[in-house]
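Asks: Okay, here's what each chain looks like letter by letter:
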Amino acid sequence: MHTPLLEAHDVKVWYGAFQALKGVTLPIQAHEITAFIGASGSGKSTFLRCFNRMVDRVPRAKAEGSILLNGEDVLGGETDVIALRRRVGMLFQNPVPFPKSIYENVAYGLRIQGMRNDRGIKLWRQRRSADDVEASEDALDQIVVKSLRDAALWDEVKHRLDASAYGLSGGQQQRLCIARAIAVKPEVLLLDEPCSELDPISTHHIEETLINLKSTYTIVIVTHNLPQARRIADATAFFHAGELVEHGSTKHLFESPQQKLTQDYVSGNFG
Amino acid sequence: MRRFQSRLIDGSMSVVFAFVAVLTVILLLGIFLFLVFNAVRALQTIPLQDILLSANWNPVSYTKPVWGILALALGTLIIVLLSLLVAFPLGLLTAIYLSEIASVRSREILKPLIEMIAGVPSVVLGLLGLLFLAPILANIFQLSNGLNALTASMLVAIVTMPSIASLCEDSLSELPRGLRDASFALGAGRASTIIHVLLPAAKSGIAGAAMLGLGRAIGETMIVLMVAGNSLSVPRSLFDAVRPMTATIAIEIKEAVTGSMHWSALFVIGLILFLLTLGLNIIVDILVRRRIHT
Amino acid sequence: MKRHTPDRLFLNLCRLAAFLCVSILLAVLILLIIAGGSVITWSFLTQTWQHQAIESGGIAQAIVGSAIVGIGVVLLSFPLGLGTAIYLTEYSRENIPKRLIELAIRNLAGVPSVVIGLFGLAFFVHGLKFGSSLLAAIATLSIMTLPWIIAASVEALQSVPRKFRDSSFALGATRWQTIHRIVLPAGLQGCLTGAIISMARAMGETAPIIMVGATFYLTGFPHSLSDRFLALPYHTFILATQHAHPQAQSYAAGSALVLMMLTFLLSSVAIGIRYRIRTRKVW
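Going down the list, the sequences are from chains Z, D and R.
Its first residue numbered 12, the first sequence is counted upward by one per residue in our numbering.
Its first residue numbered 134, the second sequence is counted upward by one per residue in our numbering.
Its first residue numbered 37, the third sequence is counted upward by one per residue in our numbering.
Note that these hints are calculated values from the structure, not bench results.
Virtual Cβ for every residue (Gly too), placed ideally from N, Cα, C.
Don't take each hint at face value.
[Said to hold, decoys possible] Coverage of chain R stretches by chain Z, computed from C-beta distances (three or more under 8 Å per stretch; other residues unrestricted): (1) 198-212; (2) 215-224.
[What the hints assert, rightly or not] Derived pair list, reagent style EDC-like, types lysine to aspartate or glutamate, alpha-carbon separation capped at 16 Å: (3) K199(R) to D203(Z); (4) K134(R) to D418(D); (5) K199(R) to D67(Z); (6) K33(Z) to E257(Z); (7) K73(Z) to D21(Z).
[Stated by the list, open to error] Some residues of chain D that are not near chain R, with every Cβ distance over 10 Å (derived): (8) I179; (9) Q182; (10) A318.
Using the sequences and the hints, build the whole thing.
Replies: Encoded structure:
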């Protein structure tokens with residue numbers, strides 16, 4: 012076991028007077044897929060949102076404790092939240108492409124960092140073919156192409172990069188969101204039930220993509236889908252009523268859990 | 134460097150927007166202050182009971198100008214009450230139709246149409262009142278001309294009705310679906326459901342709508358200017374000509390010498406109107422915790 | 037089915053009410069056309085006003101005046117209104133300043149138009165020394181349109197789904213970047229609808245402009261914003277109530293008809309945009 016990429020220490024979260032998370036301590040290893048499982052309201056999504064400080068967006072939310080990313084505390088007061096979110100990306104439950112073209116969706120994260128196309132390229136004037144874009148030496152183009160490839164979407168969209176993202180199917184849209192997230196080259200990817208609204212085939216595509224991506228990124232996924240966790244996660248953490256009940260390698264957690272509560276959950280006795 | 138730039142811009146923009154938003158508060162305060170500022174001369178010189186309780190308004194008299202607004206206030210009162218008597222039921226029933234009875238298609242067509250009524254400028258309604266409604270009413274009731282409180286009220290009702298209908302419709306459609314289902318499941322008919330379940334449930338919104346209509350009617354100027362008859366005596370019946378407070382301001386402000394007592398007295402009337410509508414709005418606020426809805 | 041008769045009575049009453057509303061609208065349009073349709077000729081629309089011989093003149097100046105006022109009002113109040121709306125939906129939290137601003141907006145919307153006219157007279161005409169002018173009228177009417185624009189813009193911006201903002205923030209965007217790259221483009225059409233409707237309503241207001249700059253006697257067109265001006269609603273009013281010519285009221289109706297057509301045109305554009313937004317159904 013190497014030093015974990017992320018270390019959470021005694022993280023607590025309140026929404027107003029209600030305590031949603033009661034002191035969670037958990038290491039996340041680099042280049043692994045870690046799954047958070049648990050019933051609704053167990054706090055797993057809340058915990059996920061601490062890693063990129065999206066928990067700040069909830070009104071009256073308060074977080075305590077520390078989460079170390081490469082030694083720096085993410086929950087600290089002086090943390091540059093904007094910079095943090097470029098290192099820790101997030102995907103949501105329903106695919107949320109922006110009302111823009113496919114190209115612009117992927118390029119969004121880069122444009123807000125000030126990146127622009129080379130002067131020779133005026134996107135709104137030229138209709139460029141897939142080959143043009145592929146062969147282009149423009150930095151922005153190259154990142155867009157690579158991201159779409161890594162998200163296993165390039166072949167399906169290369170001929171309609173200028174088309175609206177809403178023309179894509181649900182599964183494609185979610186892969187677009189993955190491409191958009193990895194375009195900014197984060198270290199960590201957080202996914203909150205990314206497949207819950209997708210059909211089994213799209214789910215399978217996404218799971219394959221995630222497995223391919225883990226060599227480059229560290230992935231944390233919240234899921235209700237226990238078989239999914241068994242399929243793709245290296246490590247799993249089980250949450251219940253705001254507490255971390257048990258965590259460890261997926262194999263051990265599912266086959267020989269140490270807590271009865273875990274046993275009950277993974278065998279489907281409640282959920 | 135870029136990150137610093139975008140952070141700087143982000144910070145400045147939030148200041149800009151906060152500043153712009155505060156402008157509205159400043160504006161409202163400013164209006165109040167300017168009204169007071171210009172009214173203070175009259176308020177200091179003329180005893181309050183002479184203003185509020187006297188029915189004689191003659192600011193330009195040579196011998197002794199008098200500033201009693203009672204007749205004017207009664208004019209406003211008659212028109213407001215009468216128009217609300219028509220506009221409120223009309224608006225409420227229309228709202229019920231839109232919210233509970235109309236098909237989706239009908240609603241799509243009808244709602245914008247009713248909004249368009251709100252878009253008819255009141256000067257146009259005043260004109261039509263002059264040309265058509267007044268002569269007709271004069272004929273029916275054997276009057277010399279039809280320029281009186283009744284005619285004006287009917288037209289003010291038209292102007293007030295859309296906002297009442299709109300707010301009532303919002304209140305009704307915001308009621309949870311379950312209310313209706315529960316009532317139907319108990320065997321109640323549509324009308325009973327509406328009357329006994331929905332209307333009581335929406336009562337604060339509906340009361341708010343009435344208050345809103347009240348405020349709108351109080352502030353109506355052009356219609357009353359054109360068809361209410363312009364008489365300064367105390368109105369005794371619906372068929373009397375009246376001159377409400379709003380019309381008084383509009384008619385006389387151009388002739389009043391800036392800064393004179395007459396000018397100041399007109400601002401007193403303006404101040405009274407401002408405080409009236411402010412008070413009504415606060416009541417509506419308490420009744421209806423609504424989002425910004427004008 | 038005796039028990040259902042009172043039921044049906046009530047429902048029919050409601051239908052009658054709705055029907056009445058539509059009839060009122062139709063009656064307004066039809067009566068206006070009857071009263072004023074005959075005077076609408078090309079020369080009526082394009083000639084300048086002749087006091088003594090109103091048959092030979094036209095309302096061109098009034099149309100231009102109203103147009104300038106309408107456009108000016110939107111140019112002034114739309115940025116301010118949109119800015120306030122952005123503050124309310126994107127920046128503010130549920131605290132006292134926010135409720136105060138919302139209260140102020142609602143109350144501003146309820147102030148009678150004469151009172152706003154009084155304020156305009158005291159503040160713009162005399163206080164800031166704009167004089168009776170287009171500028172004073174534009175400024176005064178902007179006070180009226182501000183709450184309308186804010187209300188419409190808030191609604192438009194709130195209808196942009198929260199998840200768009202979340203996704204943008206999750207990618208490391210600042211608040212302003214999220215606003216101008218995602219929220220504004222998505223909500224702009226709705227905001228514009230509000231602006232167009234407010235413009236139409238402002239053009240129909242008479243009482244405030246009586247007090248701050250509208251006139252009936254003008255040769256030629258206004259040259260600058262500090263000139264007095266003719267406007268359709270005021271023109272209608274004077275013709276209807278104070279002109280001695282036997283045909284005056286027909287010409288009043290003619291002016292009113294032109295005003296209504298302009299209002300109608302603007303409203304239709306706004307409704308059209310709103311319909312397009314609704315059927316777009318993208319999110």
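Asks: Against each hint, give a clear statement of whether it holds in the structure.
Replies: We went through each hint and held it up to the structure:
1. Check result for the segment 198-212 of chain R against chain Z: holds, 11 residues qualifying (beta carbon to beta carbon below 8 Å, three or more required).
2. Only residues whose beta carbon comes within less than 8 Å of a beta carbon in chain Z count, and the segment 215-224 of chain R has 4; three or more means the coverage holds.
3. Between the alpha carbons of K199(R) and D203(Z) the distance comes to roughly 13 Å, so the proposed pair stays at or under 16 Å and holds.
4. As the CA atoms of K134(R) and D418(D) are separated by approximately 14 Å, the hinted pair is consistent with the 16 Å bound.
5. A threshold of 16 Å between alpha carbons decides the hint, and for K199(R) with D67(Z) the separation of about 15 Å falls inside it, so the pair holds.
6. For the proposed pair K33(Z) and E257(Z), the alpha carbon gap of about 14 Å is at most 16 Å, so the pair holds.
7. A C-alpha spacing of about 14 Å is found between K73(Z) and D21(Z), which places the hinted pair at or below 16 Å, so the restraint holds.
8. The Cβ of I179(D) sits about 18 Å from the closest Cβ of chain R, beyond the 10 Å cut-off, so the non-interface label holds.
9. Consistency note on Q182(D): stated as away from chain R, and its beta-carbon is indeed over 10 Å from all of that chain's, at 23 Å minimum.
10. The Cβ of A318(D) lies farther than 10 Å from every Cβ of chain R, with a closest approach of about 17 Å, so its non-interface assignment holds.
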